[in-house]
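Q: So the chains spell out like this:
Number of protein chains: 2
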Amino acid sequence: MNHPIHFVSLGPGDPELITLKGLKTLQKADIIYCPATQGKHGIISRATDILKAIEVDESLIHPFILPMSKERTDALNAYNELFLDAQAEYLKGKQIVIVAEGDAGFYSSIQYVYDKFEEAGIPVDRIAGIPAFIAAGALAGIHIVKQEEQINVIPGTASFDELSAKIENGMIIVIMKLPGCQEAIHTCIRQYADKAVFHYFENVGTGKEYYTTDIATIHSKDFPYFSLLIIQPR
Amino acid sequence: MNHPIHFVSLGPGDPELITLKGLKTLQKADIIYCPATQGKHGIISRATDILKAIEVDESLIHPFILPMSKERTDALNAYNELFLDAQAEYLKGKQIVIVAEGDAGFYSSIQYVYDKFEEAGIPVDRIAGIPAFIAAGALAGIHIVKQEEQINVIPGTASFDELSAKIENGMIIVIMKLPGCQEAIHTCIRQYADKAVFHYFENVGTGKEYYTTDIATIHSKDFPYFSLLIIQPR
Chain W
1266 MNHPIHFVSL
1276 GPGDPELITL
1286 KGLKTLQKAD
1296 IIYCPATQGK
1306 HGIISRATDI
1316 LKAIEVDESL
1326 IHPFILPMSK
1336 ERTDALNAYN
1346 ELFLDAQAEY
1356 LKGKQIVIVA
1366 EGDAGFYSSI
1376 QYVYDKFEEA
1386 GIPVDRIAGI
1396 PAFIAAGALA
1406 GIHIVKQEEQ
1416 INVIPGTASF
1426 DELSAKIENG
1436 MIIVIMKLPG
1446 CQEAIHTCIR
1456 QYADKAVFHY
1466 FENVGTGKEY
1476 YTTDIATIHS
1486 KDFPYFSLLI
1496 IQPR
Chain G
1266 MNHPIHFVSL
1276 GPGDPELITL
1286 KGLKTLQKAD
1296 IIYCPATQGK
1306 HGIISRATDI
1316 LKAIEVDESL
1326 IHPFILPMSK
1336 ERTDALNAYN
1346 ELFLDAQAEY
1356 LKGKQIVIVA
1366 EGDAGFYSSI
1376 QYVYDKFEEA
1386 GIPVDRIAGI
1396 PAFIAAGALA
1406 GIHIVKQEEQ
1416 INVIPGTASF
1426 DELSAKIENG
1436 MIIVIMKLPG
1446 CQEAIHTCIR
1456 QYADKAVFHY
1466 FENVGTGKEY
1476 YTTDIATIHS
1486 KDFPYFSLLI
1496 IQPR
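Protein sequence lines, in the order shown, are assigned to chains W and G.
Per this note's numbering, residue 1266 is the first one in the first sequence, and the count goes up by one each step.
Per this note's numbering, residue 1266 is the first one in the second sequence, and the count goes up by one each step.
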């Protein structure tokens, strides 16, 4: 066997933001492994929705359930199972594709499985995708970063002090996974409304996408999982 | 007139890394404005090469020459001309697309033209693209950034002291436009070879793409314009 296992990045949610290369790779697949979560009302999979929208043959889609918890053990177990299953199918000669939302190497835990295949000596290939913050910038029509500016992408574990220091430094900041630092963000907005613009996004690339820079509106929000913030100096 | 002028991001160079949405928008265009530079041996345009590769009707491609200099006045004049020309065609009812390499809002000066159309009250729409550093990560198969890590994207004007401080802080660093800080990078590599991995890339997404982490090889290089570096803590 010397064909690779392909990791295809689906982009942030809009099915048409997949790359042509990703689409062509999906069209040649025998099996497509696709992340899903067990919700209260059944299985939820934004990735599966994307695949259906671009008319991938549904019989090829194999969802794998990723436990949603801070504890990583359950997710690692799920990934180990995915690895063993995909490896067995690969060794039968199948064309395997594993998909991920956004870009598969940018804050995506699927890279864990990619690394396991590399360790096992099985060739792998990754196809880039649009990160959510890039799609957010396009939605808002803002110049995310320009010329000599710097941009800092941070996860939603940032404290108020950390955010404050970055804003004082004139950095452009992207915060992912906002629910983890909701209070710090609210405090920041109260303190820096005159120094920075807070671009708030929800569900970019989906039918429910939402964008505002209105501070009172942002304050009234409980940040959902698929939210992000771009902070730019005024 | 209420249809928008579309700004389509072409991605880093590989024609198939354009999004499906970008491709469909190009296929509906009447005129496609496309950046080019006047080189020693004629006009060079990577963007035009991408358009030809994805089989856009060549008669629709209108290259505009962007002067390559640190002095921004010439480029702004070229953009003003582009704006006036595209506006005139738009007002005749044409479907106008303006393309940019990478993502049109991420270190891309085409946003200047986008803003001018907004000021003129003409609707605009931007379609996201893959930034070069995302494609570089896929090429190398590296986990660019994960979990609680932070990433800092900086232009090639960074000094040794600045790079040094970021590396000491355990940041993941992406440096764009390397020729502007070649000496600082060489000094950094000599000092931090044991603390960080230096992923060096040239011409990602083209037939000439190149990737190495070998320090001696990086040291022997004169960094070309289309080069970038991803620095990760060891």
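Because the hints were derived from the structure by calculation, they are not lab data.
Please note: incorrect hints may appear among the correct ones.
Treat identical chains as interchangeable: a pair holds within one or across any two.
Stated by the list, open to error - Simulated crosslink set (SDA-like; lysine to any residue; CA at most 20 Å straight-line):
#1 Lys-1473 to Asn-1345
#2 Lys-1293 to Tyr-1475
#3 Lys-1486 to Gly-1406
#4 Lys-1359 to Glu-1474
#5 Lys-1486 to Val-1389
#6 Lys-1411 to Asp-1380
#7 Lys-1411 to Asn-1345
#8 Lys-1289 to Lys-1317
#9 Lys-1289 to Glu-1413
#10 Lys-1460 to Thr-1471
#11 Lys-1357 to His-1451
#12 Lys-1293 to Ile-1483
#13 Lys-1317 to Leu-1285
#14 Lys-1357 to Ser-1485
Q: What hint numbers does the structure not satisfy?
A: 1, 2, 3, 4, 5, 9, 10, 11, 12, 14
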